[in-house]
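Colleague: Chains as they are written, first to last, in this note's numbering: chain D, 6 to 231; chain U, 370 to 1107; chain P, 1484 to 1657.
Be aware that a few hints might be false.
Said to hold, decoys possible - Cβ pair distances, simulated, as ranges:
id, chain 1, residue 1, chain 2, residue 2, range
1, P, L1648, U, Q783, 53 to 61 Å
2, D, D62, U, P1093, 25 to 33 Å
3, P, E1614, D, S147, 25 to 33 Å
4, D, S147, U, P1093, 33 to 41 Å
5, D, D62, P, E1614, 36 to 44 Å
6, P, R1506, D, R13, 46 to 54 Å
7, D, D62, U, K701, 47 to 55 Å
To be verified - Chain D is faced by these chain P residues, among others (derived, beta-carbon under 10 Å):
id, residue
8, L1606
9, D1623
10, L1626
Hint data in this document are derived by calculation from the structure and do not stem from the laboratory. Every value quoted in this text rests on a predicted model; they were computed, and no experiment measured them. Ideal Cβ placement from N, Cα and C applies to all residues, glycine included.
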Amino acid sequence: MTALIEAREVALSFGETPALRGASFRAEAGEIVAVMGPSGSGKSTLLHCLAGILVPDSGEVKFAGDRIDQMSETRRSALRRDRFGFVFQFGQLVPELTAQENVALPLLLGGVRRTAAMSRAQEWFERLDLSGMEGRRSGELSGGQAQRVALARALVAQPQVLFADEPTGALDSLTGEHVMDLLVGSAKEQGTTVVLVTHEARVAAYADREIIVRDGRVAVPEGLAS
Amino acid sequence: MIRLGLRLAIAGGREAFVRLITIAAAVALGVGLVLATLAAMNAVHSLNHRYAWMNTGLAQATSADSVHADPLWWAPRQDYFDAQSIARIDLAATGPDSPMPPGLSRLPGPGEYFVSPKLHDLLAATPAEQLGDRYPGHEVGIIGDSALPSPTSLVIIIGHDPAEAAKLPEARQVSSIFGTSPEDCASCLVGYRAAGFDLILGVVAGALLFPVLIFIGTATRLTAARREQRYAAMRLIGATSGQISKMAVVEAAVAAVIGTFAGFAVFLLVRQPLAAIPFTGDPFYPEDMTLSVANVLWVALGVPVAALAVAWLSLRRVRVSPLGVTRRVTPKPPRAYRLIPLLAGLAWLYYLNGHRPRTSIEQVAVFLPGFLVVMSGLVIAGPWFTMVGSRLLARRAQTPSTLIAARRLSDNPQGGFRAVSGLVLALFVTSVAVGVIGTITSDHGSRTSRFDDGYVRHMFWAGDRYAGPTGTPAVTAQIEGVPGVTDVFFLRANPNFASEVPDPAAGPYVMACSDLARHPELGSCPAGAAVVAPTDFAVIGGGPAPVWPAVPVTPSDFEQLPIASIQVANDGSTGAVERTRTLLEAAYPDVRPPYSEKDFTTDSTKMFAGWVQLANVVILASLPIAGCSLAASVAGGLSDRKRPFSLLRLTGVSLRTLRRVVLLESVMPLLVVAAVAIVMGLVSAQLFLRAQMETTLVPPGWEYYVMVAAGLVLSLAVIAGTLPLLTRMTGPEVARNE
Amino acid sequence: MTVPLTLLGLLEREPSHGYELKRDYDAYFGRGRPLPFGQVYATLGRLARDGKVVISDVGKGDGPDRKRYIITEVGATEVDAWLTEPVEPEPHLQTILFSKVVLALMLGRPAEEYLDTQRRAHLQRMRELTEVRRTGGLVDALLADHSLFHLEADLRWIDLTAARLDSLAKEVRK
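Okay, chain D solo, but in the shape it has when bound:
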């Protein structure tokens, strides 16, 4: 199988501080890969490189065979918008919009008519145990609910890759598990590839396999597990 998303010998420094020193990564279509490692190891930076948010100083990043690191910012933005979904630790909902509008946002950005976008967003509320929360604002949602809304928003446009950066970082274990159950369940159902950055083993255990980043390198060669 060829990798859907792949990084080879990626290096990146912020000023004098090296964040990545030749990290490699690959994930196949439909695969859920956890990226683990201690704080400051460079795992978030690796995710940002894979998602085309950051451009590595050296090495290459490929998505479906195309070099992301050589694309223009506009093309990378379009790629992120159309092919990727994102879930972050917290604070990703636009506070003024209702939960449903937040979920519909990617569709609206993609030019879907409002009524259609809203009804497609509506489906996700049932799917993610959020029925009745459609009209709430982010301030009126609990942490777990907000994360599930964010998950719905990340998945509503049916991305090929879902990037999740500590998606349960701000949640207690029960709530976090609920979110992870839904994340993994939905991703499997849709065949979405997931790159899951976490420092928690129990979150990483949801993945098909894990890699460990240490000091800007992938410490555990892949392929040993599974």
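Model the placement of chains U and P on the given structure of chain D, informed by the hints.
Modeller: Chains U and P only, in chain D's frame:
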């Protein structure tokens, strides 16, 4: 604590510095405005005081004026050149101890005159046959500033023989020069009632100060979250709220003190250009734009104190909680009862139709509060309008940017409106001013269609009857020789006219049908009539030319009647009008000077033009201020949503979309409430015109729309100026370093 | 069951007397439960019988203290295999894991790799348990949860130890 506060204010990093400078700038603007208004008020008083001496002989002398043994012959009159008013005083001393008007080194002897500097220039620049020949004698000096209300005043003081002066119209003997300012004297005819001006200047200052206060408030709240975090952290480690308040106040005090100093500098800068605005009809002497010690003290102490109060108020949240910024709560939506003051103000203006008080002071007292209530009503109702508009927009939104912007506004319409409220008030004031003034001007324009600028009229009214020469005076031929003059004809005293028994059929004067036949625009004769009695040519235009009633006077008898008025038709050129006027004045020095219709129209529109100019100052000054608070609040809104916006950008939302959100959410309230302000302004103007002038609003011309559009474009530019901030604030590094 | 392998590991460092082995064992692995002399010699005897150690007489006089034990090829291979092989991921592995890490450090072997291998094994087990939890009934899920939390605790310990390997190495090699 105070030293720590000082350190934080001055060396608290770039953010603190920017805030310091912004608050200081806001305070400086406020101080400058207050000072300029106070100075303008003082200038009105000074200007008025310089008018005092012109009331000599017109107003009852007071005990304050020093009485002289030898009375002075005194004959004031108003003359015109090219529609500019000239104050002409003919006088003659009856002895060595005659009173002397201000600004003169000595009284002019017979055949001598003193002129104001501007008139001196005008005399030098104008052919004598148009102006100089009106005045007997020669110039012997310049009138000093103390006698001139304005640097542009045209004044001439002509000396005569006492016997000659006694024959002049309205000549009287005075033994003192009037010295009381017109604002303190009920019988004064020249000058202004200052109370009205103070009130209007107060309103103007209010209209300008309001945006400034909003700006100070916005600037204080700028990066408030960050600062609140800092203070909250200090509270957490045990700083008392008193200590925190002290620190905050010190920070604000530094800004206020800098701002106050800068404000005085701003005032000194704008003093000169402000003095040049002819808002009483004439510009001020710059040296009249002065401040009293009390003014200076009040402003220098009052403004910093007010700024401290604002700072103290804006931090009251921190004084309560050491846990820092609380979770975002949606403020209560504004209710429809916010419309009540606005509607009440409009109802009041509506009610005044038919209930208008008699005197102008009383009129100011009823109309001005009405406008003030409408203005404050607009500010109170603004959030409600913003909310209604944004809800409508949110319902119809198709693009995410519209949706986000509309939702944000309906979430916090108060905040959205606050940013544009200054601008909205400016638009309201402009709409009222332009509506009222435009209508009055246009009414003036349409009123004199029958008897327009191309006529010069010279009346021979002797107090109770017309007593001009009979036959055809010698000056007729001279006038007919003036290039541009097309016709000279006479209105003569109606022999059947008795002033005690007013009879419309027997008007005060008669006119030959042979003359009238050459001027069909003035009316016509009934068939077979030779002489008719017209009443007034200056009727409101538009209707058909009237047929005047015939009078039983034969053409030969007509020639023998005394002339009531010499009518000179001409092409309206300055040369023709002023040469005719000069010839007539020289031929008949002892009657009131001739006039053209344009003299009056210009005279009354000049003051309105002054108000228009003032309205322009208001809008031009409030625009940048309102723009600044707009920018500050846009920036504040951005830092509020730094994280969701930067994460949206990470997920591939283009900067363009985010820019559109920012633009929309400031432009939306701007447009909605601007539309409301314009409509309310024009409605108020219409209500005022109906009640006060019994006329109907004439829609404003394109200049008005250009100005409004320019204001809006400027605001857009200001908002656009904050967009680079968006790029910086939502960069990937923001999302990384959470 | 770890005592024989631990003693073998200590012997791989250097040939030692029985009392030296007991002293080192107590210092690094005993933690309040000293190894009885009897057990040391019994274990060494068994190891010698299986050919994993040989005894050399170098000291004077007789008695157990005179004997020095030397690890054989067989013994070394067994230690190596044991260190490399991850422990079956079950709760309460602390003693074994700890022994392995300390021994690896003492022997200058790549302890980090051992930890990584162990982490992988743990994660694999956690994955299986997570799958049980996600698909099974509530009782299964609760039981799986219990194991998961314990495994997680071990993993945290592994992470922490991995982060402190340098200091630990200094400590055991001094």
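Colleague: Now tell me, hint by hint, if it's right for this structure.
Modeller: Hints and how they fare:
| no. | hint | in the structure |
| --- | --- | --- |
| 1 | L1648(P) with Q783(U): 53 to 61 Å | 59 Å, holds |
| 2 | D62(D) with P1093(U): 25 to 33 Å | 26 Å, holds |
| 3 | E1614(P) with S147(D): 25 to 33 Å | 27 Å, holds |
| 4 | S147(D) with P1093(U): 33 to 41 Å | 37 Å, holds |
| 5 | D62(D) with E1614(P): 36 to 44 Å | 39 Å, holds |
| 6 | R1506(P) with R13(D): 46 to 54 Å | 51 Å, holds |
| 7 | D62(D) with K701(U): 47 to 55 Å | 52 Å, holds |
| 8 | L1606 | 6 Å, holds |
| 9 | D1623 | 15 Å, violated |
| 10 | L1626 | 15 Å, violated |
Going through the hint list in order, the structure does not satisfy hints 9, 10.
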